[in-house]
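J.: Here is what each chain is made of, one letter per residue.
Number of protein chains: 2
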Amino acid sequence: MNTWQSVRADVLERIRSREWPPGELIPTEQELAATLGCARATVNRALRELADSGILERRRKVGTRVAATVARRTVLDMPAIRTEIENMGAAYSYELARFTTRHPTPFAARALQVPLSQELLLIHAKYTADGQPHCCEAVWLNPDLLPPLTREDVEQQSAHEWLTSHVALTHGRFSILAAAAKGDCAFHLNIPEGTAVLTIERTNWADTHPVSFARQFYPPQHRLVSED
Amino acid sequence: MNTWQSVRADVLERIRSREWPPGELIPTEQELAATLGCARATVNRALRELADSGILERRRKVGTRVAATVARRTVLDMPAIRTEIENMGAAYSYELARFTTRHPTPFAARALQVPLSQELLLIHAKYTADGQPHCCEAVWLNPDLLPPLTREDVEQQSAHEWLTSHVALTHGRFSILAAAAKGDCAFHLNIPEGTAVLTIERTNWADTHPVSFARQFYPPQHRLVSED
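Sequence order for the protein chains is W and C.
If you read the first sequence in the UniProt record's numbering, its first letter stands for residue 1, the second for the next number, and so on.
If you read the second sequence in the UniProt record's numbering, its first letter stands for residue 1, the second for the next number, and so on.
Treat each hint with caution, since some may be false.
Since the list gives no way to pick one copy over another, a pair counts as held whenever it fits inside one copy or between any two copies.
Stated by the list, open to error - Computed list of lysine to aspartate or glutamate pairs in DMTMM-like fashion (alpha-carbon distance at most 25 Å, straight line):
1) Lys182 with Glu193
2) Lys61 with Glu49
3) Lys61 with Glu31
4) Lys182 with Glu95
Please keep in mind that the hints were generated in silico from the structure rather than gathered at the bench.
Model the full structure from these sequences, guided by the hints.
T.: As structure tokens, this is what we get:
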């Protein structure tokens, strides 16, 4: 009897062997179920998995095609930093380093879709796990789109925590890159300037407005891991 | 009339305001549809989106809870390098740099679940986009689990392309980190040693066996981008 995993392996094998080349319509679920001698639900489960991975493309009324380019998709967990640290079984601590009002850098202005002349809040902070530097961040916030935010608000909790409890965030955008640690960042992470740091840029939206733009820096060996 | 987006915003607002605290069971779809004056399918769509983002947890027979920790999930496209380059509208080129048989590093041995004494294939290669260095890679392959693979096989196509056309890969594991460019890597990418390079480690499985372990290095400013 065929499981959905064996149906998936069978379909993958036909794609990889070019029996079903890129762009080709594959047989219907009924036809596959009949050929493979299994339930249609089993075939459906296997095809759904392959579509989620970007290997197949399913179109209503057209059918299921082999994707023209096999772009694998993977799901990445982007936990809040508190969760990240607590999941390691370590003690979480947050420290506010700087709270200022200033004009954005061109990069921050573009991320938050504001003119360079508009004043924004800039918060620098550091996170430790069992007392060791875990991450540091610079967060730009657009005060025009937020409830009043003072230094006291982010002395005990992070900007992200303040944000999630005061604003209905609807979606986010992540960008992952490698950068060389500079100034404050190297100091907070206790690493030499120029060390490679994994950098996560995160823009949070409330409906159609970007309200915050954060850059988070992680010391060497920090990994983002995902399986598909 | 409520759209699924407005239902999602409403639910998010209740979670963010702690009207529904972390871990709390929220009303059923029927109850929400009645309260909000919309179709149950609309509520279902909104809750599904929030569950996909990790904000809600849905359990059969139990109901829908606010996730205890809001771990946002995001979907990352991990295209083949050829696709990545062609999507930029640039000319793809691949160059084999080294093809050797050798004992694995401890790291590669662990990734491929083989003893340090087992000989593996190691392939170094470089990719360019319009003639500019785009990425370089080191790929370890377990020849015991693969059809015969010679130097000629990977002179015109990458190890990944050879692999996808000869083996039914079932799943993968990605790890993303920042590293300092060393030796060959710095040379291939034409950057000074020590430059921060975005590093993607990718293990590919054929059923229960890891068959390949690749480390790919990208020059500064390369970004992985995702939206949720």
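J.: For this structure, which hints from the list above don't hold up?
T.: Violated hints: none; all satisfied.
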